[in-house]
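**Q** Sequence:
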Amino acid sequence: IKLGESNWYVHIQDYYLNSDGFMVNNLVTGIAYKYSIDNFWIRPFIGPHIQQSRGFNSYDGLNGYMAGWTFVYNFKILEQKFMLSNWHEFEFDRAKEFYMDEYGQAINDGRSHGINGALAMWWTPIDNLTAGVQYRYSHYKLGLAGYATAWIYSLKYNF
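Following the working numbering, the numbering of the sequence shown begins with 145 at its first residue and continues without gaps.
Hints in this document: simulated from the structure, not taken from any laboratory.
One thing to keep in mind: the hints can contain errors.
Mimicking BS3-like on lysine-lysine, the simulated pairs with C-alpha atoms at most 27 angstroms apart in a straight line are [claimed, not checked]:
{"no.": "1", "residue 1": "240", "residue 2": "178"}
{"no.": "2", "residue 1": "225", "residue 2": "300"}
{"no.": "3", "residue 1": "240", "residue 2": "300"}
{"no.": "4", "residue 1": "146", "residue 2": "240"}
{"no.": "5", "residue 1": "146", "residue 2": "178"}
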């Protein structure tokens with residue numbers, strides 16, 4: 145939510161998943177600032193992370209903080225439209241009961257911090273069609289104690 149004519153924003157993101165006995169809702173509310181120059185903009189943010197979950201990693205309450213950014217760089221090569229984008233999240237100061245049990249053993253992600261994001265390249269050969277490839281990454285995030293990656297290939301129709 146943009147705050148007037150400034151470059152400051154109220155940052156709100158909510159992830160919700162409910163599937164086969166597992167539910168998680170992650171809400172981050174905070175502040176962000178958008179900086180733009182020519183064909184590039186970046187929007188860093190920070191805020192508290194409120195979590196509610198049921199299933200293998202039940203937890204309710206403040207679960208630390210999240211900081212990160214989104215950036216976009218638009219450019220052309222031989223008059224073809226391209227876009228490089230990145231979103232990145234860094235969770236920190238997670239609640240100890242989220243990542244460690246009463247015996248001092250690691251659970252869930254196993255750390256008080258973690259990262260999550262994607263780096264993507266998009267090509268729009270015609271206005272109604274965009275093709276892209278994303279490198280998806282996480283480290284001590286999404287319930288995994290370690291590093292995870294994926295490649296995502298997309299073809300989109302633009303209305």
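**Q** None of the hints should be skipped; say for each whether it holds.
**A** Tested hints:
Only pairs whose Cα atoms come within 27 angstroms are accepted, and residue 240 paired with residue 178 is rejected, the gap being roughly 33 angstroms. Only pairs whose Cα atoms come within 27 angstroms are accepted, and residue 225 paired with residue 300 is accepted, the gap being roughly 14 angstroms. Taking the CA atoms of residue 240 and residue 300, the gap is about 41 angstroms. The hint is violated against a cut of 27 angstroms. At roughly 34 angstroms between alpha-carbon atoms, residue 146 and residue 240 are farther apart than 27 angstroms, so this suggested pair is violated.
For the hint pairing residue 146 with residue 178, the CA-to-CA distance comes to about 10 angstroms; that is within 27 angstroms, so the pair holds.
Checked against the numbered hints given earlier, the structure breaks hints 1, 3 and 4 and satisfies all the rest.
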